[in-house]
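Chemist: Each chain, letter by letter, is given below.
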Amino acid sequence: MEKFLFYENSADDMVCIPAHRLVEMVIDDDSDLVSLHHRVYDNQTHGSDMQYAATLTVTAGKAKQVVETISNNISTGKDAFIVVADDVNQQYIDSNITALASLADIS
Amino acid sequence: MDTSKKYIYINPGDSSIEDGARSFPVSAFRGAYTADATSMIFLFEDAAGDIVSADVTITSAKGKELLNEFAEAINFAKDSRIVLADNQNDTSAFSDVTVTTAAVVSGGTTGSKTRRGSNAVGTGFDSAEYIKTQVETVAGEVITTVKVDITGLVCSGTVKDIIGENDAAGAYLLKLEPAVNGVVYRADIACIETPAGSNCALDIDLVSNSSALAEDAEYDGSGTATLAIAPAANWAVGDHKATAALADLAALASDYIYLADGTGAASGGTYTAGKFVIKFYGCIAF
Chain A
2 MEKFLFYENS ADDMVCIPAH RLVEMVIDDD SDLVSLHHRV YDNQTHGSDM QYAATLTVTA
62 GKAKQVVETI SNNISTGKDA FIVVADDVNQ QYIDSNITAL ASLADIS
Chain B
4 MDTSKKYIYI NPGDSSIEDG ARSFPVSAFR GAYTADATSM IFLFEDAAGD IVSADVTITS
64 AKGKELLNEF AEAINFAKDS RIVLADNQND TSAFSDVTVT TAAVVSGGTT GSKTRRGSNA
124 VGTGFDSAEY IKTQVETVAG EVITTVKVDI TGLVCSGTVK DIIGENDAAG AYLLKLEPAV
184 NGVVYRADIA CIETPAGSNC ALDIDLVSNS SALAEDAEYD GSGTATLAIA PAANWAVGDH
244 KATAALADLA ALASDYIYLA DGTGAASGGT YTAGKFVIKF YGCIAF
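As given, the protein sequences belong to chains A and B, one line each in that order.
Here the first sequence is numbered in my numbering, starting from 2 and rising by one per residue.
Here the second sequence is numbered in my numbering, starting from 4 and rising by one per residue.
Calculated lysine-lysine pairs in the DSS-like style (CA-CA distance at most 27 Å, straight line): (1) 150/B with 244/B; (2) 150/B with 178/B; (3) 163/B with 244/B; (4) 178/B with 282/B; (5) 79/A with 65/B; (6) 9/B with 4/A; (7) 8/B with 79/A; (8) 4/A with 8/B; (9) 65/B with 81/B; (10) 282/B with 244/B; (11) 79/A with 81/B; (12) 163/B with 178/B; (13) 81/B with 9/B; (14) 4/A with 65/A; (15) 81/B with 4/A; (16) 178/B with 244/B; (17) 65/B with 9/B; (18) 163/B with 282/B; (19) 4/A with 79/A; (20) 9/B with 79/A; (21) 4/A with 65/B; (22) 163/B with 150/B; (23) 4/A with 63/A; (24) 63/A with 79/A.
Read the hints as simulated data drawn from the structure, not as lab findings.
Since the structure is predicted, the reported quantities are computational estimates derived from the model, not experimental observations.
Model the full structure from these sequences, guided by the hints.
Modeler: Below, the structure is given as structure tokens:
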């Protein structure tokens, strides 16, 4: 199954990326932020930047659980369309995610 | 059906044409994002490794629903061809795609590309006949290549004035970024097609400024400017010029890059030809 990760800040600010493009999940020092890095294009792809990052605000101390939930959904989940964080509808892949802290444009 | 055997079809042509229609395998899909509430950009990697964007008009605020359907179609649709947008036939596999508005397909090997994010072309230069920026790293050297066709752009006729869209702000080819293009230590420019245009300067300089300037502005009238390459002669196909040895190009690393009139001998006009390849060589700080 081809799976896709979805992030939404607002009705005019959302992104969808193939899950296999997720290359790293980073937990910050306070364990209250998880940054998901996606290699949208290869480094050598012409005319393109390489990475795209979405940062999730999570309950302090629960970042590892969030990472595990995301991993499980990608590896064994049944849904092709995985809503990681949707601020508009307050829909999150894990109940310990409280918000989408940042969602940069693909660049 | 195996998703590797599915293709996404986009036909921006209206009436009865299929010219410019593109089909991409699902594996070439790189992502999608909203430009605004009624515009969804789909990104695909083409055969040459370039990124093609398809700007599809959608029902306002229905982006999530569309993307969900898109994911479902890739995995579960029975057809091998998934019609994302077909303006010729006003059809789409997705109810939230506004089929009566043609998708705008740009980039890739069949057209010029406006680079997004870092190194984006200025809005006062992006109507050039062709402009495409590539960044590649070879053995640690970052090579930024800009291919540009200045056809359609305006020359004021005044020496040092920036070439671009008539009086438009941001008439730059790109803005170099140290984190992307490195510390630039060399640049060169080659003429691929002799520039032409009634009353246009054919002696064109490669310059930079710390600020985003408009067409018709003197490149060194404000901010910090660098004259990188000045041929002091009309360009002709096959010509090649490079920055001088030991030239101080430090400012280029984070400057806006422009083409400027190298002579005031012409009275001003619109270019009808002129293709150049510009290269910047640098190294990311280590």
